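So the sequences go chain by chain: Z and D.
Start counting the first sequence at 1; every next residue gets the next number (the numbering used here).
Start counting the second sequence at 257; every next residue gets the next number (the numbering used here).
Source of the hints: derived by calculation from the structure; they are not laboratory data.
Computed from a prediction, not measured in an experiment: that's the story for all the values here.
Hints are not guaranteed to be accurate.
What the hints assert, rightly or not - Cross-link-like lysine-lysine pairs, in silico, DSSO-like; alpha carbons within 30 Å at most:
#: 1; chain 1: D; residue 1: Lys629; chain 2: Z; residue 2: Lys185
#: 2; chain 1: D; residue 1: Lys689; chain 2: D; residue 2: Lys430
#: 3; chain 1: D; residue 1: Lys430; chain 2: Z; residue 2: Lys164
#: 4; chain 1: D; residue 1: Lys566; chain 2: D; residue 2: Lys629
#: 5; chain 1: Z; residue 1: Lys243; chain 2: Z; residue 2: Lys129
Stated by the list, open to error - Chain Z stretches covered by chain D per the calculated footprint, using a threshold of three residues with CB under 8 Å from any CB of chain D:
#: 6; segment: 69 to 80
#: 7; segment: 232 to 239
Claimed, not checked - Calculated Cβ distances over 12 Å to all of chain Z for the following chain D residues:
#: 8; residue: Asp379
#: 9; residue: Gly561
#: 10; residue: Arg780
Backbone N, C-alpha and C fix where the C-beta goes; we use that ideal spot for every residue, glycine too.
Here's the letter readout for the chains.
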Amino acid sequence: MSGFLLAGAAMADEAGMALAQRVYDRLDGDDATSAVTMALVEEGRSPRLRSMLLYRRSAPEGEVSTLIRFTEPADIEGTGLLTIDAADGASNQWIYLPAMQRVRRVDSNRKGGRFVNSDYYYEDLRDRKPSMDEHRLLGREVVDGVECDVLESIPVEAGNSVYKRRVSWIDPASHLPLRIDFFEKDPQAPSKRLRVERREQVQGYWTVMDSTLTDLGSGHQTRLTVRSIAYDRSLPERLFSSKALEDERMEREFRP
Amino acid sequence: MLRSWLQRILLRVTQPQLLRRRPAMAIILIIHLICGALLLRLELNNAPELYFPSDAPATVLERELRAEFPNDEILIALFEGDDLYSSEVLGALDRVAGRMEAHPDVDRVFSVTRVDHIAGSADGFVVEPLIDPERLDEGTADERLQRVLADRFMPGWLASRDGKVLALVVRTHKLQESRQRQSVEQALYDAVGEEAVDERLTAVAGTVALDAAQLCSMVRDTLVFTPLVMGLGLALLYWVVGRIVPIVIGAVAMSTVVIACVGLIAALGLPYTLVTAMIPTLLSAYTVGNLLHLYAALKRMRDAGFRRPKRVVFALQSVHSPAMFNVLTTAAGMISLVLVPIPPIQVFGAISAVGVVVIYFVVFYLVPPLLVKYDRGPWPKSGGGFAWTKRISYAFASFGMRRAGWVVGGAVVLAVAAIPLALKVQAESDLLKFFTASHPLTQSTDRVERTLVGVTALEIVIDGPGRDAFKDAKRLQAIKALQMQVEALPEVDRSLSMMDIVEEMHWAFNEEDEAFRRLPDDDRLLSQLLLIYDGRDLQELVNNEYQRMRILLNVNVHGANEIQGVIDRIEALIATVDDPALKWELAGYGRLFADQEDLLVVGQLHSFLGAFGQIFLIMFLLWRSLPAAVIGMIPNLAPLFFVFTLMGGTGIPLDMATVLIAGVVLGITVDDTIHLFHNYLARREQGRSVVFSVARSFEASGRAVVAISLLLVSQFLLLGTSSFVPTSNFGLLTATGLLAGQLMELLMLPALLVLWGRFRTRHRFLSA
Chain Z
1 MSGFLLAGAA
11 MADEAGMALA
21 QRVYDRLDGD
31 DATSAVTMAL
41 VEEGRSPRLR
51 SMLLYRRSAP
61 EGEVSTLIRF
71 TEPADIEGTG
81 LLTIDAADGA
91 SNQWIYLPAM
101 QRVRRVDSNR
111 KGGRFVNSDY
121 YYEDLRDRKP
131 SMDEHRLLGR
141 EVVDGVECDV
151 LESIPVEAGN
161 SVYKRRVSWI
171 DPASHLPLRI
181 DFFEKDPQAP
191 SKRLRVERRE
201 QVQGYWTVMD
211 STLTDLGSGH
221 QTRLTVRSIA
231 YDRSLPERLF
241 SSKALEDERM
251 EREFRP
Chain D
257 MLRSWLQRIL
267 LRVTQPQLLR
277 RRPAMAIILI
287 IHLICGALLL
297 RLELNNAPEL
307 YFPSDAPATV
317 LERELRAEFP
327 NDEILIALFE
337 GDDLYSSEVL
347 GALDRVAGRM
357 EAHPDVDRVF
367 SVTRVDHIAG
377 SADGFVVEPL
387 IDPERLDEGT
397 ADERLQRVLA
407 DRFMPGWLAS
417 RDGKVLALVV
427 RTHKLQESRQ
437 RQSVEQALYD
447 AVGEEAVDER
457 LTAVAGTVAL
467 DAAQLCSMVR
477 DTLVFTPLVM
487 GLGLALLYWV
497 VGRIVPIVIG
507 AVAMSTVVIA
517 CVGLIAALGL
527 PYTLVTAMIP
537 TLLSAYTVGN
547 LLHLYAALKR
557 MRDAGFRRPK
567 RVVFALQSVH
577 SPAMFNVLTT
587 AAGMISLVLV
597 PIPPIQVFGA
607 ISAVGVVVIY
617 FVVFYLVPPL
627 LVKYDRGPWP
637 KSGGGFAWTK
647 RISYAFASFG
657 MRRAGWVVGG
667 AVVLAVAAIP
677 LALKVQAESD
687 LLKFFTASHP
697 LTQSTDRVER
707 TLVGVTALEI
717 VIDGPGRDAF
727 KDAKRLQAIK
737 ALQMQVEALP
747 EVDRSLSMMD
757 IVEEMHWAFN
767 EEDEAFRRLP
777 DDDRLLSQLL
787 LIYDGRDLQE
797 LVNNEYQRMR
807 ILLNVNVHGA
817 NEIQGVIDRI
827 EALIATVDDP
837 ALKWELAGYG
847 RLFADQEDLL
857 VVGQLHSFLG
867 AFGQIFLIMF
877 LLWRSLPAAV
887 IGMIPNLAPL
897 FFVFTLMGGT
907 GIPLDMATVL
917 IAGVVLGITV
927 DDTIHLFHNY
937 LARREQGRSV
947 VFSVARSFEA
957 SGRAVVAISL
967 LLVSQFLLLG
977 TSSFVPTSNF
987 GLLTATGLLA
997 GQLMELLMLP
1007 ALLVLWGRFR
1017 TRHRFLSA
């Protein structure tokens, strides 16, 4: 998911725009299947762990579909979220609650809504085209021993993002942002910070295996750890349908 | 060796050396320069939290809560008109909200364009803006009105049911200073002005406005009344002494005392609150009183034909001993206030006690060299404008002596008759009552509560037995049942809890079927609804552990007693909830004030006993006689009783201002007793009769005592003209207490002395 997030995060001066485009175009396979652990970490308390499966498919015409299925803990097992980001930037989203056995379409244009009470906003999980922001290269800085390009991205239309600006530290080799600062209210003081803790090349694709998103106000953290990931498994289109969302059996065979 | 060393110190202290003029002036100048510079860093702050001890249970709970949940401090702006739902006005109000959200001290702004609306449809579920400010060109004003009124949470909170009122509620971060609150309030007025909706703004209320208004009143009173009280004191002093030079010297003395004490507050980094703001007026008034004792002695020495510097030295010697004990007793009265566990009152007590010592130092060390150097002219023979006070004091004393039994008996009868009134005094912390009924804040609050909901915030805090305690559907249903009972109380206008949000999600997920506007029965469904909730409101009502939740209440009463009544009723309802695993507490702004009532009552009792004990001990040490100390205390307790009777009769509560009065009045009135008793005992030691000794001491000291009392009473009465109720009550009641103390001093002290004399004679006769 972080890769998904990070790909969308990058984004005007010419060099800035070019870098944002390179980040967006970074190779990440036609599809990916991953088993992820989400840990909600609060100081002084034991982390709250959730397990989920993520299926992502990029269609040749530019549409990106994502299916998330929670597998643990028991009370939320089977809960699913399907997101389809069209090539034109439009987005559709559905939720399935097994306790109700019902799929519901949810508002996909909502800004600032929290994804399953984590520090991620739904906006962070969506495909964000480079053209939606103005990009500027701020310089170079070292992050975790890697000299990164520092890229500032400001929404073209203030209304299309909950953030006033984002600053990303991009590794020139992998084109992965190793750190992103998110600015919500105050354009000078970040409210959230994403850090990549570990990255690996899997099947030749650079993959964020472990990342932490910190709410800088409360100190609350959301850590995403990829337990396993597989690319290019030819995930079928039917896996990203309302029917598959409702019927877990349809995606079982594609589990990693 | 030690003994002779102590004796030298005692002699030095009891017989002050006359300082040279230059060192005295240098000290005065240095005090002004240093303390004047310190004034620049004086922190004007009357933040409500300053009034709560950091270890009080309500304060501890408050700190814990704010670490997890947002602050409950708000500023409410009320907009009225027939076109509020037009796209123009809603757009402007949304921009006002946007400007306010950009303020660094603002956490969140609630308005109909900035709150979520949970809705369901045939195939979907949506959490969307109630009124989308970006789509105001769509639909009509009437449609927008209907949408707002159909929302579960809006009517009565952000919108009135008749559609003519909209509110903007600004919630701040946890603020530490009143100036921050003033800044938030000013930002609101600026934003409203810039968006040209000021004509529709009809009320601004809430805790932020309350603190800002208090700071404003406090600063105004300090700027107006400190110079006025000083000016009045100097004018009356001139009337008494009839000479300009001693008045100028008096002004220098007052200024030195006041600037030193306010500078000390700044140096210690203590906040200058509405309570400590009374220190300058109190100390300047008390400085005039001490000066008058010195000037009266100076005049006697002039009349006796002494020339400079002897007349100043002799005057000093004649009043120094009682003056020193005055300082001790008055400081004891003031310092007793540190026993009131409310920090600004403790600061008032401690700084006033230091101030009294500073007054002693200024009047008996710094003023005399100036008098020696500059006071050259003749003093009026007639005795100035207060010449008639001598006749009055003597007339009262004569009556007291002649009708001793009647006076004491009458006082006892009056005291017994007044007990029911004195017992009616109620401790109360109602900050709104610090303002008159015509004050804009009082009227704004009334308007908000008439059109929307009460502004007092109370919170029911519930702790569950562990993580996910509130993902238990049955438990939530039981708590929801309690919430409904609480909401049915007439004082509770509105309640909000996580259960309301879950109910709304359940309803929306089921195509807005009213049958589902209830809590789910299934724990899994509850967990799943909670998982997918993506708004901000839930996190403000239950913590991330789902172990602690709060039910927010808007209560329409303000006083500590009324709030305590609501708390008692809620606690009675809580007692009926059958879930021993839950721990319940009442919190929020309202709880803090309800608890303050206990602090005031206990504090008043402790400070009174502290002052009484210290002053009694000082009198006992001074006269080395238990009966003398008892007789000395009785006329000083009477005015306190009178003040409490007056408070009980007129309904003036014991609050942050009136709790000061006992210590101040006891500390000041006891001065007269010491002067009169000192003279009386001196004559008795010379072998004079009781009646002669009483008569002569009232003749000698009565004039100064009466004149000083009238001076102080006039100065405190001046405070009574303030429109800020704490200042006004403090001034009026202190003046009343001092006046009553004066009457008791003139009537009862002679009567008691005569009765005591008779008793001793009879006792001796019987023993013989």
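A quick look at each hint next to the structure:
Proposed proximity of Lys629/D and Lys185/Z is contradicted: the alpha carbons are some 66 Å apart, above 30 Å. Taking the CA atoms of Lys689/D and Lys430/D, the gap is about 24 Å. The hint holds against a cut of 30 Å. Pair hint Lys430/D plus Lys164/Z holds up; C-alpha atoms about 24 Å apart against a cutoff of 30 Å. Taking the CA atoms of Lys566/D and Lys629/D, the gap is near 12 Å; set against the 30 Å cutoff, the hint holds.
With a CA separation close to 28 Å, the supplied pair Lys243/Z and Lys129/Z stays within the 30 Å bound. With 4 residues having a Cβ less than 8 Å from any Cβ of chain D, the segment 69 to 80 of chain Z passes the three-residue criterion, so the hint holds. For the segment 232 to 239 of chain Z, the proposed coverage by chain D is not satisfied: 0 residues have a C-beta within less than 8 Å of a C-beta in that chain, short of the threshold of three. At roughly 5 Å from the closest C-beta of chain Z, the C-beta of Asp379/D falls inside 12 Å, breaking its exclusion from the interface.
Every CB of chain Z is more than 12 Å from the CB of Gly561/D (nearest about 78 Å), matching its label as outside the interface. Some Cβ of chain Z comes within 12 Å of the Cβ of Arg780/D; the nearest lies about 4 Å off, and the non-interface call is violated.
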